[in-house]
Amino acid sequence: MFKNYFLVAVRTLRRNLGYTMLNVIGLALGITCSLLLFLVIRHELSYDTFHSKADRIYRINVDKITANGPEDNAGTPFPMLATIKASLPELSPATHLYNAEGGTFTIVSNNDRVPAKKFREEKNVLFVEPAFFDLFDFPTNGVNAKQALKDVNTVLLTQTIADRFFPGENPVGKVLRMDNVVNLKVTGVIPDAPENTDLPYVMLIDYESSKKINTFMNDTWNSTNSNQQVYFAMAPEASVKQAEDRLNQITSKYRRISPGEQERYTFQPITQVHFDERYGNFTGRTISKTTLWALGLIGMFLVLVASINFVNLATAQALRRAKEVGMRKVLGASKPQLMTQFLCETGLITLVALLLSVVFAELLLPFLNQLLELQISFSILRDAQMLLFLLVVLVAVTFFAGFYPALVISGFQPISALKSKVATARVAGLSLRRTLVVVQFTICQVLIICTIIVHNQMEYFRSASLGFDQEAIVNIPVPAGKAGDLMALRSQLESHSAVKATSFAIAPPSANIDMNSSFQYDDFSVNRNFSVNLKLADENYLKTFGIPLLAGRMYEKSDTMQEFVVNETFLEKVGVKDPQEAVGKKLLVNGGQTEGKIVGVVKDYHLSSLRNEIPPVVMSTMTQVYFYLNAKIEQKNAKAALAHLQNVWQTAYPDDVFYYEFFDDSLARFYEEEQRQAHLFKVFSFIAIVIGCLGLYGLVSFMVAQRTKEVGVRKVLGASSASIVGLFSADFVKLVLIAFVIAGPISYYFMDKWLQDFTYRIDIGYWVFLAAGALTLFIALTTVSVQALRAAFSNPVRALKTE
Amino acid sequence: MLKTVNLQKKYTTDEVETTALVNVNLNVRQGEFVAIMGPSGCGKSTLLNIIGLLDNPTSGEFFFLEKEISKFSERQRANLRKEHLGFVFQSFNLIDELTVYENVELPLIYLKVSNAERKQRVEQVLEQMQIAHRRNHFPQQLSGGQQQRVAIARAVVSKPKLLLADEPTGNLDSAHGQEVMQLLSSLNEQGTTIVMVTHSPTDADYAHRIVNLFDGQIISENVKELAIL
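Top line first, the protein sequences correspond to chains A and B. Following full-length UniProt numbering, the numbering of the first sequence begins with 1 at its first residue and continues without gaps. Following full-length UniProt numbering, the numbering of the second sequence begins with 1 at its first residue and continues without gaps.
Isolated chain A (complex conformation):
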């Protein structure tokens, strides 16, 4: 029986090759996308799930509410770990770790005549305790990692770093000097960190050594650093809530909280770290569950759109099968038997599409990885989840796409079927097909509208004035605490004609470095319940970044805090209207340690991404904490300028590695995640439209075929080609309009929500909707016209002979 079904299916599909191709390609496109999205979603959901204690490992976060709004982060004060060990035994093992982000590594050689090799690592240099390995299950390839990092001044290199630092050598026993401060002995080589962890590392260094690197580290309760975090495993039966409460009771005794502020330490399951952007993680990348849901939904929609094509094409084509169905019924085939037959046929098409999409996915995955900066791979045969996913898709698509056509076709009355008297309208399930086309158009339009809005918001990010210059500015890190060495060479730095201005500062205007401080303004008697953002920079800062002054002047050159410049928001917060009024007022910052005068007011500029509001800022000088040399250079002589800067820099720091980044590149990184989403939206909405067009094309070609005679008669009676095209188009215009009415509010709702995440955002103009509607209409009409024109230009005599 099934052999017979199979034979008929294969021969029918081969006979109607065009129809088969439309279906297979449409379905394959849809399934490919859903497959790729499945891989992405699965990858994102897999972060840190591979630890054997994953279900009970937590990170300590702090939820802080200040007058400037919530300031949540994952940094913990240094004494936190000792407190946990002493008072909360159920939190065990517990460990803290420190992410130095980057560092300079010199290979210490015994031979003085050989120049030392130096390397710069930009990120993921992690300091861990031996307990790290009790808590987490990172691959060690047989190395006893716990033992290897037992002693101070030891380091475990990952394979990649070992190969780079010591090509062709065994690094074990060799010595690395980090940041010209601490010598580290290589005690082993471990595999690279897995892709799916939020604790990425290029090397693991014993925690004790971090104290020499992290110059800001102090052992008080009132200093936190978001790179200093605590992880622990919760005893299986212990209550998270109770432990949290007890921890907060203890910390409240030690923590000094500014008036009006609140804070609470909370435990975050490690499996949630990847999804919560409030606290961030060491990868610098989080993805919200909402985004994952949206991606999953898009994947489903794409399959849905392709399945709809199938339903439409199959029902439209049903007439061609009428005779066969009639005859089978005459021969005694039951309705369930016929349904099975047609479902098998759909299954066959779906299977072919599925196999094709596995090939497509394999081919497209590298591009997707590049787009998303991930390293996802799959090998279908060894991947049970994947096979299950494909099986589910096969069954779901077969039923969804095949059920209705099978029902319609198997329901033919044998006599009418044999006499080809099955009414076109009835077979075609015209209203159902219309509904399905509306669904397709709706999905396409929603995707188009979302794409336009996301794209516009990205453009806004790119073009919005941040309040400072960002072009042709390079940020060059200087070794911690040693900015003075290079500042001494300032005249040399600026001697090159292509170097326009230089400024040393803690950071460029927008960067993820914040120093907050409580403060007192003017008469010192009013207690303010908000802190200010201390921006420490030299006197050239405003000039270099082109930030305008509103009143007063820039502060004078100094190595320590003497004079202050504040921003507009600061004035607003302290209730001063006229900038002039603030000039000359006294200010106390830095925990009451530093007093000085406000000498100027700057126009507000953005301190971080446009997601956040501009905080009150107090600017001053402090050479000790300048981490960056910022240089404004001539764009067209950038190469020469950089070579000159490197030259001078290297004179000041002969033992360090020079590197730099263009400011606009680092700003663009703020919106990496949004950029990726924008790319995804663009790609997938494009594919949805392609699939939709395939279906529409097929549908119209059947309509045209069915109405050949009508077109012939109309032409004989004098109808113009335009009116024939109009005949076929009118129906679809109506459907596009209905879809437009549905798609508009849906996409408005979701995009409005999405935009709420950004403090600075575009308005959703009505033109976005009109453009999307017009675009869909244009695409639909073009698709329809191609087929309709063919009918319109055909010879009416031939058309009439087809009966």
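In case anyone wonders, no lab produced these hints; they're calculated from the structure. Because the structure is a prediction, the values reported are computed rather than measured. Nothing false has been slipped in among the hints.
Within a straight-line C-alpha distance of at most 25 Å, the following computed SDA-like cross-link-like pairs (lysine to any residue) qualify:
hint : chain 1 : residue 1 : chain 2 : residue 2
1    : A       : K174      : A       : I107
2    : A       : K419      : B       : G177
3    : A       : K185      : A       : A116
4    : A       : K211      : A       : T106
5    : B       : K161      : A       : Q413
6    : A       : K3        : B       : F138
7    : A       : K335      : B       : K161
8    : A       : K85       : A       : E244
9    : A       : K123      : A       : R164
10   : B       : K71       : A       : Q413
11   : A       : K419      : B       : S91
12   : A       : K419      : B       : P39
13   : A       : K335      : B       : K159
14   : A       : K335      : B       : S70
15   : B       : K161      : A       : I415
16   : A       : K419      : B       : N56
17   : A       : K709      : B       : S91
18   : A       : K3        : B       : R121
19   : A       : K419      : B       : E167
20   : B       : K112      : A       : Q413
21   : A       : K543      : A       : A501
22   : A       : K123      : A       : F662
23   : A       : K419      : B       : Q141
24   : A       : K174      : A       : T154
25   : A       : K419      : B       : S70
26   : A       : K335      : B       : S114
27   : B       : K224      : B       : S185
28   : B       : K112      : A       : L348
29   : A       : K419      : B       : S200
30   : A       : K419      : B       : Y11
Assemble chain B onto chain A, guided by the hints.
Frame of chain A; chain B shown alone:
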């Protein structure tokens, strides 16, 4: 074999009610060859469809193999069809995607006949219809006469008690038409009951009895008292 009592068939649309059959009383005995004749639209095909269990009468009784079946469900009728009935149509109605062999095999598949027996029975009937040499051809590769022979082979491969033919020679030239009629005639001689609708008096001559239908009513029956058997 089959008997109809006051059989009526009406087609009703929103506005018009058309009566296709009026009080038809027909009795066909085992082994008979009956031809139904009449002008276009007189209800011949409707009657044949009801007899063939492809359609239900509006009222009246219909006995098939001693059972009253006018109220049978679609599934029950499908079962009776595949076990006891064979059909031959004017337009052959072979399935284009199946070869000659596969077309003839199809009824046996629905009857769940075993593979070996299927092969043997199909081969046998193809020989009998002198079409075995074309077993691997598709219908479009055959002449009209050959196609009708395949259709007859398909109709009789399940050894039906009753063979229904709806203008079996309508699409054939006279030589091929005669061939087909001789085939039907010899099947009848071997014991198959046949009811045939036809326009052609020549074809009707092969039958034992001719039933004349006009405006949905039987107006006369001519019984040929031939001592064929």
